[in-house]
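Peer 1: One-letter residues, chain by chain:
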Amino acid sequence: MKLTHNHSDEGPPCRHMEGLLHQAADGSAKGVSRWYAFSHAARCGRCGRFLDRLTETIKQLRKAREEEPTPEALSRLAQGKWRSAADKNEEPQD
Amino acid sequence: MKLFQQTSAKPEFEVVALAELPVLYRVAKRLTLSDADAEDLVGQALYLAAKAWTKFDGRHVRSWLIQILRNEHLTVIRKRSSRPETPIQDVVEPQEDGFWEEVAWRAVGQDLLREVDLLPEDYRMAITLCDVEEMPYDEAAEALGIPAPTLRTRLFRARRILRAKLAHLSPETQP
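Read top to bottom, the protein sequences are chains A and B. Sequential numbering from 280 applies to the first sequence in my numbering. Sequential numbering from 779 applies to the second sequence in my numbering.
One or more hints might be untrue.
The calculated lysine-lysine pairs, modelled on DSBU-like cross-linking and capped at a C-alpha distance of 35 angstroms, are [as the list claims (entries may be wrong)]:
#, chain 1, residue 1, chain 2, residue 2
1, B, Lys829, A, Lys309
2, B, Lys833, B, Lys857
3, B, Lys833, A, Lys360
4, A, Lys342, A, Lys309
5, A, Lys342, A, Lys360
6, B, Lys857, B, Lys829
7, A, Lys309, A, Lys338
8, B, Lys829, A, Lys360
9, B, Lys857, A, Lys360
Counterexamples of contact, computed for chain B against chain A with all Cβ distances above 12 angstroms [as the list claims (entries may be wrong)]:
#, residue
10, Pro789
11, Arg804
12, Asp835
13, Arg837
14, His838
15, Gln845
16, Arg856
17, Leu891
18, Glu899
19, Asp900
20, Pro914
21, Gly923
22, Pro925
Short derived list, chain A residues pointing at chain B, Cβ under 7 angstroms [claimed, not checked]:
#, residue
23, Gly310
24, Val311
25, Gln339
26, Arg344
27, Ala352
28, Trp361
FYI, nobody ran anything at the bench for these hints, they're computed from the structure. All figures in this text were calculated on a predicted structure; none of them were measured in a lab. Glycine included, C-beta positions come from ideal geometry on N, C-alpha and C.
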């Protein structure tokens with residue numbers, strides 16, 4: 280089978296590769312799928328560029344997870360009405 | 779999160795609830811787009827979860843809690859009569875050429891989150907669960923009550939839309 284690659288760095292990724300590149304970027308591609316995605320991206324300018332940037336974006340999104348509730352909000356939630364409501368098995372009063 | 783595989787006994791609800799609080803809050807924040815509403819939503823979801831805890835089989839506790847959170851959110855929305863969503867068709871697909879260079883230095887977490895918040899809810903939740911919270915596709919799909927292939931489709935489209943949004947932040951498009 281002859282594999283085709285885009286040698287230019289500009290433009291969208293190869294159509295048949297996009298799903299696999301998404302999975303390679305977020306780490307959900309495993310085994311042969313992962314190998315094939317990275318191997319293709321290494322030879323294909325557009326897919327390589329797409330994979331690099333998508334990986335960077337996902338990395339930044341994961342950093343956003345560091346956004347935590349304030350200690351006050353956490354404390355309120357930790358001491359919330361769910362504790363007693365669960366025991367009493369009744370609707371909390373607002 | 780496979781919390782129960784290492785021990786035979788189901789942990790106390792309190793232990794699970796306290797461990798999952800930050801995740802639930804972040805997901806609630808992405809759902810409600812408001813600190814106060816997120817707090818209310820998490821509180822109510824925990825109350826419902828605590829009531830249902832004895833019936834829960836213990837599999838994928840995070841998915842289960844997020845499912846409760848999302849159902850409660852939908853209930854609240856229905857009560858308030860639904861707020862307008864960003865129509866997906868209004869989002870312009872990006873030109874790939876060149877804009878990633880701009881994204882590379884602009885794509886800091888908070889900027890990205892602001893753009894995520896502008897996505898339609900289905901896409902916003904796919905990004906939040908899979909990319910921000912790093913949940914496996916199958917658990918995220920379970921949390922959202924959709925098949926995994928649907929989740930993947932939404933996630934890939936969401937990333938595409940996010941790229942389009944980020945493209946608009948390019949300095950070349952600024953006045």
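Peer 1: Each hint needs a verdict: does it hold in this structure or not?
Peer 2: Consistency of the hints with the structure:
1. Lys829/B <-> Lys309/A: violated (39 angstroms)
2. Lys833/B <-> Lys857/B: Distance of about 27 angstroms is within 35 angstroms: holds.
3. Lys833/B <-> Lys360/A: holds (20 angstroms)
4. Lys342/A <-> Lys309/A: Given pair Lys342/A, Lys309/A holds - Cα atoms ~23 angstroms apart, limit 35 angstroms.
5. Lys342/A <-> Lys360/A: Between Lys342/A and Lys360/A the Cα gap is close to 31 angstroms, so the pair holds against 35 angstroms.
6. Lys857/B <-> Lys829/B: holds (22 angstroms)
7. Lys309/A <-> Lys338/A: It holds: about 18 angstroms lies between the C-alpha atoms, which stays within 35 angstroms.
8. Lys829/B <-> Lys360/A: With Cα atoms ~12 angstroms apart, Lys829/B and Lys360/A stay inside 35 angstroms; holds.
9. Lys857/B <-> Lys360/A: Holds, at roughly 21 angstroms.
10. Pro789: Holds, since 14 angstroms exceeds 12 angstroms.
11. Arg804: violated (6 angstroms)
12. Asp835: Holds, since 18 angstroms exceeds 12 angstroms.
13. Arg837: Fine: 20 angstroms to the nearest Cβ keeps Arg837/B off the interface.
14. His838: Non-interface label on His838/B holds, nearest chain A Cβ at 16 angstroms vs cutoff 12 angstroms.
15. Gln845: holds (16 angstroms)
16. Arg856: Since the minimum Cβ distance to chain A is about 18 angstroms, Arg856/B lies beyond 12 angstroms and the statement holds.
17. Leu891: At about 5 angstroms from chain A, Leu891/B fails to clear the 12 angstroms cut-off, so the statement is violated.
18. Glu899: holds (17 angstroms)
19. Asp900: holds (17 angstroms)
20. Pro914: violated (7 angstroms)
21. Gly923: holds (20 angstroms)
22. Pro925: holds (15 angstroms)
23. Gly310: With Cβ-Cβ at 16 angstroms, over 7 angstroms, it is violated.
24. Val311: Check failed: Cβ of Val311/A comes no nearer than 18 angstroms to chain B, outside 7 angstroms.
25. Gln339: holds (5 angstroms)
26. Arg344: Constraint on Arg344/A satisfied, holds at 5 angstroms.
27. Ala352: holds (5 angstroms)
28. Trp361: holds (4 angstroms)
Checked against the numbered hints above, the structure violates hints 1, 11, 17, 20, 23 and 24; every other hint is satisfied.
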